[in-house]
Each structure stands twice: as structure tokens, then as C-alpha cells.
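Enquirer: Residues per chain, in single letters:
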Amino acid sequence: MSTPAVAVSLGGRRQKVVRGLLLTLCLSYVVVLLFAPFVGIVYTALKGGISAISETLGRTDVRHAYYLTAIITVLTVLFTTIFGIVVAWVLARDRFRGRAIMNALVDLPFAVSPVIVGLTAVLLFGRGGWFEPFFDARGIQIIFALPSMILVTAFICIPFVIRSVAPILDELGTDEEEAAITLGASPRQTFFRVTLPNIRWGLLYGTALATARSLGEVGAVLIVSGAIQGQTETVPLFILRALEERQEAAGYLIALSLAAMSILILLGIEFLKRRQEKERSL
Amino acid sequence: MSDQALTLGGSSAPSAPKTRGRRLAVPGAWGLRGTALLYLGAMVVLPLTAVVTRGVSAGFEGIKTAITAPAALDALKLTLATAAAATVINAFFGTLLAYVLVRYRFTGRALLGALVDLPFAIPTLVTGVMLVALYGPNSPVGDFLGNHGVHIAFAWPGILLALLFVTLPFIVRTVQPVLLEIDPAEEEASYVLGANGFTTFWRVTLPHLRPAIAGGALLTFARCLSEFGALVIISGNITGKTLTAPVYIFQLVSQFRYEEAAAISMVLFALSFVLVLITEYVLLGRRKSS
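These protein sequences, in sequence, are chains A and B. Its first residue numbered 1, the first sequence is counted upward by one per residue in the numbering used here. Its first residue numbered 1, the second sequence is counted upward by one per residue in the numbering used here.
Treat the hints with care, as some may be off.
[Claimed, not checked] To be clear about the criterion: a stretch of chain A counts as covered by chain B if any three or more of its residues have a C-beta under 8 Å from a C-beta of chain B, and this derived list gives those stretches: (1) 21–32; (2) 260–270.
[Stated by the list, open to error] Just a sample of chain B residues kept apart from chain A, beta carbon distances all over 10 Å, derived: (3) Val56; (4) Thr65; (5) Asp143; (6) Leu206; (7) His208; (8) Val282.
The set of hints was computed from the structure by calculation and includes no laboratory data. Glycine residues also receive a C-beta, built at the ideal position from the N, C-alpha and C atoms.
Chain A extracted, bound-state conformation (with noise of 0.2 Å):
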């Protein structure tokens, strides 16, 4: 850390005056690229004054697309955290053949375009697809319903926890774990009381990407939900269609309390990273 006292003192004022230049060059693409857009959307969502924005969320069809949202990202999260869990511990302590195919598909997901995802959705389940006879046969809607639109959240936030609790197992190494089994804990006691709390923080910190992810998915969702207004329509979705309709005031507005609520996770995740730190320099 001693390279800056060294710089200065060295290159003296051409330093100073590289260093100006370098800095200001940053916070202008910064404040350009994203300071910008996002004053721009906090001044024209707000413009309309409070009368305005209470009259957005009071709308029928914003609460519902809420309260959709909020469906699918806690059973989302639920999902892909417990089976997280389980994949994490796999690849960590497991040994077997196929480890390493099993790791490279954990990473899949980041490879494909929501758009496909919702393509695979709509292949399996839709009009012709692979599982469409089985569930039509028992009236069970997957395709312009909930449980696809589930599915395809799911698909897009496997990754999260599994990549941020993986490390930490590894790191931690088994020796606790050996001890609380060798004392006579079971396999239950000794992850409820020995492994989980080590990798509280990490977890914590996946689930909170993967509901920022979940609480703003459009493209995959869009594709299998047919966005039907008051049935199918997350906030997301909702905004879309505010933009289309031309009701830029609603959307602009929507589009706003979703950036202000993952921002609001977004801090989370940096507080959550900083405990995480800490504890592992203890």
C-alpha cells in the first residue's frame, strides 16, 4: 500500500497532475454512464408529485403485479437455497467421478440468455412440448402460469448460492465437523449446529443476489407468462406494458421503487460482505 507515497513523492507534480487527470476522467464516465440515467429517472418518476404517486400504487393491477413478484421471488430463493445448500456440500466434501461436469453446470446459467430460457420453458411445457400431455392430462397449467414462471426464475438464480457458499466450505476445511461427529453429534446436529453457522454470512449473501435477480427478471418471464394483465403481470412486466401503453409516468415510477428496493439489497449485500471479512480475519 506504500505505491501512492512512493508515486508522489517520486514523479512529484506530473504525478499529481496524472493522477488529477486519470481521476476525473473515471467519475465523468461514472457520472455519465450511470449517475446520469438514474437522476433521470428519479426526477421524471417523481415529477408528477405525491397526489400522482399514490394514485400509481394504489392501482389494482400494480398491486397485484407486487404482490406476483413477491410469490415468486420468496419461493424462488427458498428453492434454490436449500437445494444450493446440497450442491455446495457436494462439491465441496464429495469426491466422485463427474465432480467437475457437475461444477461446470452449476455455471451454465450465466451462459444463457434469459430469452432461451423461456424458449426451454415453453419447449418442455408449451403446445407440443415433452411434459405437455402428462400435465394437460391432469389439468395442471405450467405455461402462462405461476409454476413456469417460477421454474425459469429458478433456472436463472441457481448459480447464487451455490457459488457463494462452495468457497466457504472449502475453506473451512471438515476438521470441526470430524469433531462434532467424532463427539457423537448426528449428521442433522452437525450441520444445524457446525456448518451452518459458518457459512451464515455467504448464504445470507447468495440469497440476497439471488433475490435482487429474481425480483427483476423480464426477459425469461415474459416469454412464459404471456403477461396476462391481474394474473400473470409482475412488476416487471408491468412496466413494460406501462411503457407501451404510453403511461410513462406509472412506469417510470415502478421502474423506480424496483431500482430503490434492489439498492436497498444492494447495501445489504456490501454490509453482509463486510461481516463476512471480518469474521474470516478473526
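We have chain A already, so just place chain B on it with the hints.
Expert: Chain B in isolation, oriented as in the chain A frame:
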């Protein structure tokens, strides 16, 4: 580092050290292994098999026709060109930002660091909405620029801005940890021997950063290929002009043209998957050498 691997998609495979993380004799471990395999099989392998099967079912000719349709070719070209441009620009600014964040101490440094992470948290659809709010025809800024012949919303500059926004953190977050690891003594030696700041960066610092920049750039490019949410609003989706490949796939699906959609999906997916694999190789190579 966990967040690194995770948010960037460059996985850190648990490195399977011999002494730590060794196999634990837990009863029912194979049950967990089976659960994990079943979960990934059903959730990841099965859906992607469905796309590949449907894409291949059209035959070689069918795939060729789907890809060489004028609308498809234009969409693929636009996606590749904007992705390449966004990657080059963010490779430059991302490296610069990482350097400034690691090496300089200034007020607002923590804020700048948090701002760089903002695109990870903001839903990509909201990114598109933000850009339309700022540069769209109804805003004073968009109106002013439009009067001077500069069109950002519903044109390629809007697409580029959206991609730059969404992928800004990738290179910053891959380069930053490497910069922190570099021994300052090397740079100090370079200064003492009379090299100026630029020469030192170019000859001493940059060679260390190259794998990280390359890895981050590949991830950026792969992400640009798949972006949908931010572009569906800002691009205007004009066929042959501002229609990108993912949005084109979406249009095909909504017209029930599943074969063509699956064919183009295969091309895009193969490209980004190969890129993610190369990234893993590049980043792992770095880890091994360090």
C-alpha cells in the same frame, strides 16, 4: 473472493486441496450427491437438451435457413458488433477504474466503489427504463440532443450505453483483486530505476493484469450477447436496424416459430458457453501461476 466468482460467472471450482475439504464419512452422503445430481439434471441439463433437440431436429439446412434469414443475420451482426464495442470500451475504463480504486486515496472512493457495483443490483429492465427516461424523446436531454442530430434512444448508441452500463462491474471486479496482490516493490523498483508512471504501468503493472482483463472482457462479451431486459426498451426493436439477437429470438417465440428460435438460440448459447469455458481456463491459469 466468493462474491467475485459468483457475480462474474468465472467459477472458482473448490480447489479440492488434499488436506482440507477431504471427503467426510457422513452417513447418507450418496443421498446428497444423488439429490444434487438430480436437481442440476432436471433444472439445467433437461431444459437445455430440449432446446438443442428442437434446434437439431430442423436439420443442418433448417439451421442454416434460420440463421441466414436477413432479419436473423442483421440481428446477429448488430449483437456481435455492439458486444465487441462495449467490451473494448469497458476493458479500458474498467482497468482504469480498478487502478484508481486500488492505488489512489481520495474522498468519495468508497462511494465510487459502491457505484461500480450498482449495475449488479439494478434490474436490467430498469436500466433500459432509466436510459429512456434520460435520452428518450420526452426528456429535455433527449429532445436537446435530437435537435442537434444525435439520437440515442431507439438507435445503436442507446444499445451501446445499455450494454456498457450493465457490464461495467465485470472487468473492474476481476482486475481489482489482482492489482491488490501485486507486490509494490516491483513498481517501486521501476520508479527508482527512472521509469515514469506510464512506462511503469505499461511494462510492469499491465503484464500482471492481462489474464484478469482478458477474463473480464470475455465475460463482458458473453453477457452482452445474452442481454435482453435493458435492450428491449431502449433499442426500439426495429427489424434490420436496432433488433438484437435475443429480442429477435423473443419475437420468433411469440410467433410460435420454435424451430428457428431454437436454431438461433443454439448459436448464441454455444458462443457464450465457449466464452465462459475459456474464461474459466484463463482465470484458473492465473490462479495456478500465482
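Enquirer: Confirm or reject each hint.
Expert: Right, here's what the structure says about each hint:
Interface restraint, the segment 21–32 of chain A with chain B: holds (7 residues with C-beta to C-beta distance below 8 Å; minimum three). Note: the segment 260–270 of chain A has 6 residues with beta-carbon separation from chain B under 8 Å; the three-residue rule is met and the coverage holds. In this structure Val56/B is separated from chain A by more than 10 Å, as the shortest Cβ-Cβ distance comes to about 12 Å. Every beta carbon of chain A lies more than 10 Å from that of Thr65/B, the smallest distance being close to 18 Å; the non-interface claim holds.
With a cut of 10 Å on Cβ distances, Asp143/B stays outside the contact zone with chain A, its closest approach being about 13 Å. Every CB of chain A is more than 10 Å from the CB of Leu206/B (nearest about 15 Å), matching its label as outside the interface. A cut-off of 10 Å between C-beta atoms confirms that His208/B is not in contact with chain A; the least separation is 13 Å. No beta-carbon of chain A is positioned within 10 Å of the beta-carbon of Val282/B; the least distance is around 14 Å.
Violation of the numbered hints given earlier is absent; every hint is satisfied by the structure.
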